[in-house]
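Protein chains in written order, with this note's numbering: chain A, 1 to 542; chain B, 1001 to 1325; chain C, 2001 to 2280; chain D, 3001 to 3336.
To be clear, the hints were calculated from the coordinates, so they are not data collected in a lab.
Among the hints, erroneous ones may be present.
Claimed, not checked - Here are the simulated SDA-like pairs of lysine to any residue, each with C-alpha atoms no more than 25 angstroms apart in a straight line:
id	chain 1	residue 1	chain 2	residue 2
1	A	LYS163	A	GLU105
2	A	LYS187	D	TYR3055
3	D	LYS3123	B	ALA1062
Single-letter residue listing:
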Amino acid sequence: MTGTKENRGPVLGRRRMGNLASGALLAGALPAVSFRSVQAADSSTFVSGFALPMNLDPHQVYDVPMQSMMLNAYDNLYRYEGDPPKIVPWLAESHTVSDDGLQWEFKLRPNLKFHDGSPLTADDVVYSFRRVLALKLAPAGAFLRILKPENVTAPDPLLVRFKLETSYAPFFAAIPSICIVNPRVIKPNEKDGDWGKAWLASNGAGSGAYRIDPKGYRPLEYLDMEINEGHFKGWADNPKPVKKIAYRPTKETSTRVLALLNGTLDCTDPNLPADQVEQINASKIAYVQKDVVMRTFVIRMNNTKPPFDNLNARLCFAHAFNYMGFINDILGGYATRDPYPMPENLWGIPKDAKGYDYDLKKAKEYMAKATAEGAPMKRPLEIHVQSENEQSVQGAQLFQSDLAQIGINLKVVGNIWSNLTTAAAKPETTPDMWVHWVSTYFVDPENWVGQMYDSQFHGTWKASSYYKNADVDALLRKARATVKQEVRAPLYEEAIRKIMADSPDIWIYNSMQLQGFNKRVKGRRFCTVGQGAELRWITLAG
Amino acid sequence: MIPLLKVDSLKVSIRTDDGTARVLDDVGLTLERGRILGVVGESGCGKSTLIRAIMGILPKGASVDAGHVWFEGENLLVFSEAELNGRIRSSRIGFIPQDPLLALNPVFKVGTQLLEAMRWHAPDDGTRGRERRRRHVERLVGLLRRMQVPDPETALERYPHQFSGGQRQRLLIAASLACAPTLVIADEPTTALDVTTQHQILLLLRELVGEFGLSLLFVTHDFGVVAELCDDLCVIYAGQTVEAGPVQAVLQAPAHPYTRALLACHPDRAASFVGIPGRVPSPLARPAGCQFAARCGEAEPRCREASPPQARARSGADVRCVQYA
Amino acid sequence: MKPILARLSRDLPAMLGLGVVVVVLLLAIFGPWIAPHPEDASASHLLRRLKPPSADFPFGTDNLGRDILSRVILGARGALQIALTVVVVAMLIGVPLGLVAGYRSGWLSETIMRVTDVVLAIPQLVLALALAQLLTPSLESAMLALSLTYWPFFTRIVYAETRRLSASLFVDALRGVGAASPRIVFLHILPNALSPVIVRATIGLGFTILVAAVLGFLGMGATPPAPDWGLAIADSRTYLPRAWWYATFPGLAILITVMGFNLLGDGLRDIVDPRLRRSR
Amino acid sequence: MLRFVLRRCALVLPSLLGLLVVTFLLIHAVPSDPAVAMAGDAATPEQIAQLRLQYGLDRPIWEQFAVYVGKVARFDFGESAFSHRPVALDIVQRLPATLELTFASLLLSVLIGVPLGVAAGLKHNTWPDHLLRIFSVLGVAIAAFWFAIMLQLLFAMNLGWLPLRGELSATLSKPPVVTGFLLLDSIVTGRWDAFADGLRHLLLPAVTLALGGLATIVRFTRSGVLDTLQNDFVFYERAVGYRWPRLVWIYVLRNSLTATVTQIGLLFGGLIAGGVVVEAIFDWPGIGSYTVQAILTGDRQVMLAVTLLVGAVYAAVNILVDVAHGLLDPRLMERA
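Looking at chain A on its own, in the form it has when it is part of the complex (with noise of 0.2 angstroms):
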């Protein structure tokens, strides 16, 4: 255990005690700078704050979490890369795709190994995306529609050939969500044909940068990986890397905030309250990174129940909610005000579109009309929050309070997602309203306004607005089938002006995220897909 000069006087430190043991009690009243450092001496090892997920196998899990992990321990034919996001090439050294979108290759670059020394090669790439394919969980949502298992094959070692069912632009776009497993390691393990689902819930089978240590691995509390010194990339553009990726995930705001003021993080999750920047930047040694990702957050109304099948009404909610005092006052500024159904730095968004404003007098217009037209806007309404989010709570409470002042009755239910996602399968059990945040699992439009607003995609939490247009349906589904990014962009744009005309849903804001970082953090690199997490760059200081 080590600490900084300034505040490791020993005699100092005898006198002070009694102060502190007083001080304690008054908790925050103590400036934070004066918290002793047990930063780990040696900086060959970095203490991760980032959430673990579910489990460690890429193919079962795909979120957040499962995209912080896989970047470091899997690879991918093609990876986002920097800020904003590009698709690059990454096992793949390129790929082609026939005119009519239906036959995808890509070549594999050559010498790819695994950390088992073996060598990576198409027939790999082929039983990964099988595995996907069988399992049918998260990650094979994108793909399981538009492939078939036996359509994917390798005619030569370096060359893996996809064909698709129907034409489906994003097809592309998921690709890095598909990590390369190894099949040498996972079907020794395979149990009643699982496809080895139960053994590499807790083990790697990888190539990436580092390797999982499965005795340093229990679910959702901790996980240890290794470098693998023979990365493909290479550590040419790191010469010093860290050694060893100690994920620690802190479950409690206050501990994670104190462990990245001691030292014992090096960094904390990407999700830190706003609240939280100044302690931290006053702080000698930590400090908040801020990056803007694409996360979307919104207040959904279920389009069929009465008042919200009204547009009036719909108008009304929309200009009652105060979307710059909550970014400004609660989130401490900390977000984009985005008026679009999407992240307003993607592609296809329609510039000249204008969102709505809060304006409670414009919002009585609106509920004045709405009622004329009989819908029935005193009706209590119940707007359905995550418990555990804060922040959703809050957005909650001030619509609520907003809402209260032009008469409207609005009742705040604490829930939880898996309740939500369950009760959004129906248009009958869907609340009146909720709230959520709708991250990057793909840079496309698809994984925004395709899927929230084509209605065949009602019964998924995603199109829990129940929203239903002929046009915009035609629409996004013709963006759909074309492969090409300038043909897409108008269609896309032109779904979304008539969504915002509809004014289905309340969208707030485009996340900022923030993230603590001790100070001895160098090299750290950013992209919106899996929030930064990607640790190849990082060096430790000192």
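With chain A held as given, fit chains B, C and D onto it using these hints.
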């Protein structure tokens, strides 16, 4: 020769929530060596406080206001707890409790409990450690045999509830003798027993006094027991000694009206006192004058004015009554 | 009543407890008139978020700029409501079951006591959380969950008392003169068994407030914007350690209230039955 | 003795079955559809339907129950809907951490609570007694999470004496798994660095968790001692000259502990549940945070298994309590 035990105008009061209770208000008694003194009184008259005062274990809030407890010429009241433990308890004053079932710790083997007292108080015979313990066991087994406890060797390994009432009392009598004391105080040791067993125990005690050269202070509410066992008698009423003298003399010619009332309403000398009208005055509010006056058939006005003086009755007993002044 | 109060008055900690309970009761009744900013029960003031204690806001303000002092005062009513509802419901379930099981013997009694054992074996918090899930997290489901987990304590106590009493001579005598069972149970056994129940209930009031706070902490109790103490602490976690006042004052409110009920309950217990030990 | 234990065990089985029925019904009444949750964020309706079929979630509830009981009998608790890992494996990995924490806190509360309780009993109705009583109520009344954060601020942040979170420093490698208990494994494998580090990590959570138990133990030991002191045998033991410390700490104490031991049994169940909050704050990798996770995600298999497990632990501890009662008081063993 000085008496073995002499309690001298002892006054003990207890502070309670409702005021100060004068539990013992001038108690005196004298026990000569080799004799058995019976202390008789109704429940609530202060018998147990008297025993506690002699043993130096007064309840919480109690204090000795006056008097002495002379034991072999030393005033026990000035002894510290450590001195009492080191020089008096068990080693010189043995104790036989009232209810042997309640007095034995239910969760320890009998042997453990009896040996615990011997460990600290048995006479030093020069042995130490295991050897000393072995000798203690030997002595206990011998005593148990003498007390006619069946299977004395295994008895020490058993728990209190595994004995009958009479056997338990024999165990405790043996225990009181284990450290060879000169005085044994017995607190109604036969009350909890049936009549036959009671008789056997009394016989046994009588024998032991001679055999071990003991003196016995025997506290009871039962005149029958006193008549059977004791040499001397001391009657206590409302925290005061009202009559004291040789058993024969007192029983033949009870001098104090209280003693007479007790004996009169119980010609068979049975164990109950319910026959006297009225109630013992509360220790919280002692009346002036004679404490018995309110219930006394022979009371005169002066009885209620001042405490009656100590006097000598014709029988030779000491009496606290104006009739003899 | 008088002797109990008189004896209680000599027990300093119990008097302290009584004082606290009386104050909390007063706050619960008159809270909206006492609180400096009663409108802060639901309003939000974005411009004065997370202000430290000052003359205007002696306990500081919370994440939506609401006066914490007012919310602590307003929270008393909710806390008492939860506690009373839970304990009364638990008593209504537990006491009759205990009476039946204790007075009767045979399969009915056995069944009741086995079920009681099973419910006692369910970890209280787990059941409460599961129920809160089942009925969507709200104050009502938290209260129901707590009641459903608390009744076995009453059943146990009443069962033991009833068994003791019905074995007593006095009930035998009543049976002897041909008194009807319900009459014996309600007129003779129940009043005698009631004192430990009341003691248990007093302690239970404090305990319930505490568990409700834990449920609130886990997002399973009261829902915003209710001025709930547990909820306030839960909300405050995001702002610790900087906004220390946010957690501290609601925390102290819980601490003092629970302590008050416990001290009072302990004092009552010492008076009613110095040998009564069952409690948690 | 053995027969006594066996009979108690036999009595426990129906209770556990009852517990299983109750929890099963309860959990299956929860509206969230495990298939939706299992499939994950990006799932399609077809994927969900497929899962529902695969896990038999479309069958009648009694059939699901029968299947489940059959599996449980073979110690197969199914697969977590979320992690897709066998629940039994997760429990085997996590239970030791919770037990270690629970035992440590029990040990702390007994070692401190019993002497304090005895002291309060001996000093009945004096200032030390009043203070101890208020303190012990304080221990019950204080919100654990608040206290935990205060401990963190003082000992981990300001003084820097103890680690803030977790069960082992990130820079240390874990000792090889022998028993699954971190401290035990460190000793067995001679990893004294890990042992010392693990002990330091254990301290703050154990103290936090011990607080409620400590208070309870003080209270019940106090009232036990008060009761015992009323007994005639205490007077007898004093009258025959038992030395005071031995009288109190051996002869009085053993009689006074019955209620305390009962409470320890009750506490144990409470500690495992109460560990939920402590484990969350200190990132202790035990069963508590696992349970919260399961509840928050609606993971039925885990909720069932944990409830059953806690019920079983509770039952086992209560059998131990009965045995301890028997050891404390030989009369009880005879009666049984």
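Task: Structure versus earlier hints, numbers of those that do not hold, lowest first - done: Violated hints: none; all satisfied.
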